[in-house]
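S.K.: Sequence:
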Amino acid sequence: VKEEVEIQLKYEPYIEREKKLNERLKKLEDIPLDPNLDYDKIPGLTNEAKEKLKKFRPLTVGQAGRIDGITPATITAILAYLGKLD
236 VKEEVEIQLK YEPYIEREKK LNERLKKLED IPLDPNLDYD KIPGLTNEAK EKLKKFRPLT
296 VGQAGRIDGI TPATITAILA YLGKLD
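With my numbering applied, the sequence shown covers 236 to 321.
No wet-lab data here; the hints were simulated from the structure.
Bear in mind the structure is a predicted one, so any value in this text is a computation, not a measurement.
Where a beta carbon is used, it is the ideal one built from N, C-alpha and C, also for glycine.
One or more hints might be untrue.
Label pairs and their calculated CB-CB ranges [to be verified]: (1) Gln243 - Asn282: 33 to 39 Å; (2) Lys285 - Glu247: 31 to 37 Å; (3) Glu239 - Lys261: 24 to 30 Å; (4) Pro278 - Leu244: 31 to 37 Å; (5) Thr281 - Glu253: 16 to 22 Å; (6) Glu286 - Asp265: 22 to 28 Å.
Construct the entire structure; sequences and hints are all you get.
M.R.: Quick look at the structure:
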């Protein structure tokens, strides 16, 4: 039990940060994406993310977030590029 508590305390800040990011992404779910958005111009996207986004051409941030391999960091980079971050 002591070990479990130590592990929870150790990882709590990381878990909280992920929870906050996920809550924020839920609020951004319906932000539209231009189907012709040039993902190559967005700094910080991995080549894998660019390929998947170009292949699927999501119409909303929510759709983009549900593509396998698209991470919260990818979504954040897209939103920053679009000027949608607070």
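S.K.: Decide, hint by hint, whether the structure agrees.
M.R.: Evaluated hints:
Between glutamine 243 and asparagine 282 the beta carbons are some 36 Å apart, a value that agrees with the proposed interval 33 to 39 Å. Our hint of 31 to 37 Å for lysine 285 and glutamate 247 holds, since their Cβ atoms are close to 34 Å apart. A hinted range of 24 to 30 Å holds for the C-beta pair glutamate 239 and lysine 261, which are about 29 Å apart. Our hint of 31 to 37 Å for proline 278 and leucine 244 holds, since their Cβ atoms are close to 35 Å apart.
Between threonine 281 and glutamate 253 the Cβ separation comes to about 19 Å, which falls inside the hinted range of 16 to 22 Å. Remark: the range hint 22 to 28 Å for glutamate 286 to aspartate 265 is upheld by a beta-carbon distance near 25 Å.
No hint from the list above goes unmet by this structure.
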